[in-house]
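Respectively, the protein sequence lines represent chains A and B. 659 is the number of the first residue of the first sequence in this note's numbering; add one for each residue after it. 26 is the number of the first residue of the second sequence in this note's numbering; add one for each residue after it.
Because the hints were derived from the structure by calculation, they are not lab data. Small disclaimer: the values here were computed from a predicted structure and weren't measured. Fair warning: there could be bad hints in the mix.
To be verified - Covered stretches of chain B, as calculated for chain A (at least 3 residues, CB under 8 angstroms):
| no. | stretch |
| --- | --- |
| 1 | 36-42 |
| 2 | 313-321 |
Stated by the list, open to error - With a Cα cut of at most 16 angstroms, we get these calculated EDC-like pairs of lysine to aspartate or glutamate:
| no. | chain 1 | residue 1 | chain 2 | residue 2 |
| --- | --- | --- | --- | --- |
| 3 | A | LYS668 | B | ASP382 |
| 4 | B | LYS97 | B | GLU170 |
| 5 | B | LYS358 | B | ASP382 |
| 6 | B | LYS107 | B | GLU134 |
| 7 | A | LYS789 | B | GLU40 |
| 8 | B | LYS107 | B | GLU119 |
| 9 | B | LYS138 | B | ASP148 |
| 10 | A | LYS668 | A | ASP712 |
| 11 | A | LYS789 | B | ASP44 |
All C-beta atoms in this analysis are idealised placements derived from N, C-alpha and C, irrespective of residue type, glycine included.
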Amino acid sequence: MIRVAGLSKKFGAVRALSDVSFEAQDGRITGLLGHNGAGKSTTLRILSTVLRPDTGSAVVDGHDCLEQSLQVRSSLGVLPHSSGLYAHLTGRENIRYYGKLHGLSGTALDRSTDELIERLGLGTVASRRAKGYSQGERLKVALARALVHQPRTIILDEPTNGLDVNAVRMLRELIRQLRASGRCVLFSSHVMQEVAALCDDIVIISHGRVVVRGTPAEILAASGAADLEEAFVRAADGGVAA
Amino acid sequence: MTRAVRIVFAKEMLENLRDRRVILSAFLFGVLLAPVIFGLTTSLASKRVVESQDRPLHLSVSGVEHAPNLVKFLEENGAEIKTVSLAPDEAMSEVRAGHEDLVLLIDAEYGRKLQAGEPAPLDLVVDTANNQTSSSADRARRLLEAYGGQLASLRLLVRGISPEVIRPVDVHTLDVATPAGRSLLILGMMTYFSFMSMLVGGFYLAIDTTAGERERGSLEPLLGLPVQRAELIVGKMLATSAFMSISLLLTLAAFGVVLQFIPLEALGMSANFGPRVVLAMFAVMLPFVPLGAGLMTSVASFTRSNREAQSWLSVVMLLPIAPIMFAVVNGTKPSALLMTIPSLSQHLLATSLMRGDATPPLHVLISAGTTLLLGAVFVGLAIRLYQREAILG
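Kindly produce the complete structure, drawing on both the sequences and the hints.
Following this line, the structure appears as structure tokens:
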């Protein structure tokens with residue numbers, strides 16, 4: 659469960675976010691939609707506590723991102739936009755490293771790692787060094803790494819960028835599984851179809867402001883557009899508030 | 026050390042020990058390159074010294090028959106005379122071509138002018154551009170001047186004048202150079218190489234922990250883990266320090282082996298470089314490791330990419346070397362005050378150890394204390410820089 663209220667953030671003279679508020683519920687998939695540079699990554703980075711907001715609050719699973727950043731990081735599984743692996747470690751070692759830093763050890767760590775490797779079909783890939791991975795393999799290991807501590811809330815920043823169709827389908831399937839197990843999933847994208855195919859709730863962000871939020875049906879009704887893509891374009895460019 | 030620091034340290038060690046590039050730069054430079062370069066230059070230098078000391082002066086003389094006394098004098102003073110017959114321009118081209126080192130031309134007029142009391146002409150053909158013959162040329166010139174001096178004294182005596190009259194000043198050169206003093210330059214080179222390989226050993230790790238993680242895109246997920254950033258960077262700097270220490274120890278050990286094969290005695294040096302000295306030098310230089318790791322990590326965290334970090338660090342690596350160069354050139358002697366300067370103090374202590382001089386405990390204490398203190402400052406700086414938001418780039 660994520661609750662964001664009145665976030666604003668400046669980088670020098672550039673205002674990246676102003677007064678961003680939204681919620682992402684457990685057991686639902688929430689899509690953060692916007693053009694490149696709209697403020698999606700900044701919002702997600704504030705949630706994962708690597709950036710601090712100038713004003714406003716962000717709460718993840720009841721923990722404040724500013725005051726209790728360590729608890730927030732413990733309950734979050736984050737797949738940032740750039741999610742590089744350690745090339746000289748095997749897939750399994752990459753996953754275990756994050757597991758250990760999340761405080762796992764012994765059988766709990768083994769079990770969690772094995773389970774993810776199996777679920778993501780990483781099998782033999784996991785025992786190879788990450789150096790020679792394909793893009794799909796890299797994504798799977800990065801996902802496993804983000805999920806190794808069984809987080810309640812999952813944040814994915816443009817996870818489908820540059821992936822082939824199979825990898826995208828695998829990812830969607832995994833996200834639906836996470837929803838089915840009651841997790842809160844927040845993911846960002848600049849592709850409307852991506853979001854429409856998957857999301858229960860949509861937050862459209864433009865120039866650092868939330869311009870529309872609601873379920874797909876609510877957004878269609880409010881914008882009066884024929885389809886979601888039209889609604890997105892109008893909202894993102896025109897600033898129609900829902 | 027917290028659990029997270031240990032985990033990060035272990036992972037960095039494993040990852041970097043698998044990286045061929047790191048292994049090559051960290052251990053190849055120190056263990057092979059530095060001692061080999063050092064061994065080659067010193068054995069060349071010592072060979073040169075030995076040769077020029079023992080070698081007789083080879084002097085080709087044209088017109089021996091015109092000056093038998095002079096030739097006898099030269100032979101008595103250690104010159105090996107080779108009789109040749111060359112015209113002046115022939116002699117010049119021979120020397121220029123390098124067929125002859127030196128040629129002394131004795132003019133046919135020599136005997137007559139000498140008897141007449143006029144300056145008797147002697148031509149010494151030398152090539153000053155040729156370094157290898159310049160010391161021979163000096164020796165020949167000194168011998169000829171000595172002979173001239175003898176004749177002058179005799180002439181004065183014949184006229185009842187004391188030769189002292191034409192020697193208003195009496196210059197004695199007292200050479201106080203001790204064998205150890207002469208070896209200072211070479212010993213300075215050794216600590217220089219040791220510092221270099223220590224820093225090179227941590228070079229890639231310092232870059233990898235900051236600019237490298239960022240460029241690879243692994244920094245952001247790492248910072249999203251429930252671990253204090255200070256724990257991450259401390260674990261990384263510990264791994265950097267471990268590589269630097271290993272590199273330093275291996276380099277010193279390699280020097281220990283190489284020095285067994287270099288004729289240091291010929292240079293007038295005592296080869297005081299057993300295992301105990303190696304370990305003592307390691308102990309004396311070790312306090313510099315955290316300083317180097319903190320300095321390199323701090324600088325690397327300002328840079329935006331691997332490449333930028335590499336070019337900056339190459340410059341930064343020269344910083345600790347500068348005081349050593351200064352000391353070597355000036356022949357600086359250890360003092361309590363100088364022990365407060367990191368890298369210089371390690372150099373001076375290490376040099377003392379190699380020379381078998383005393384290393385006062387106070388000096389060791391001041392050196393370690395000030396170096397560790399400055400190291401703590403740089404480690405603290407690196408930790409602070411890691412807290413910035415801008416670290417994400």
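Now the hints, each set against the structure:
| no. | hint | verdict |
| --- | --- | --- |
| 1 | 36-42 | holds (count 4) |
| 2 | 313-321 | violated (count 0) |
| 3 | LYS668/A - ASP382/B | 61 angstroms, violated |
| 4 | LYS97/B - GLU170/B | 15 angstroms, holds |
| 5 | LYS358/B - ASP382/B | 11 angstroms, holds |
| 6 | LYS107/B - GLU134/B | 21 angstroms, violated |
| 7 | LYS789/A - GLU40/B | 12 angstroms, holds |
| 8 | LYS107/B - GLU119/B | 14 angstroms, holds |
| 9 | LYS138/B - ASP148/B | 15 angstroms, holds |
| 10 | LYS668/A - ASP712/A | 7 angstroms, holds |
| 11 | LYS789/A - ASP44/B | 11 angstroms, holds |
Hint compliance for this structure: hints 2, 3 and 6 are broken, all remaining hints hold.
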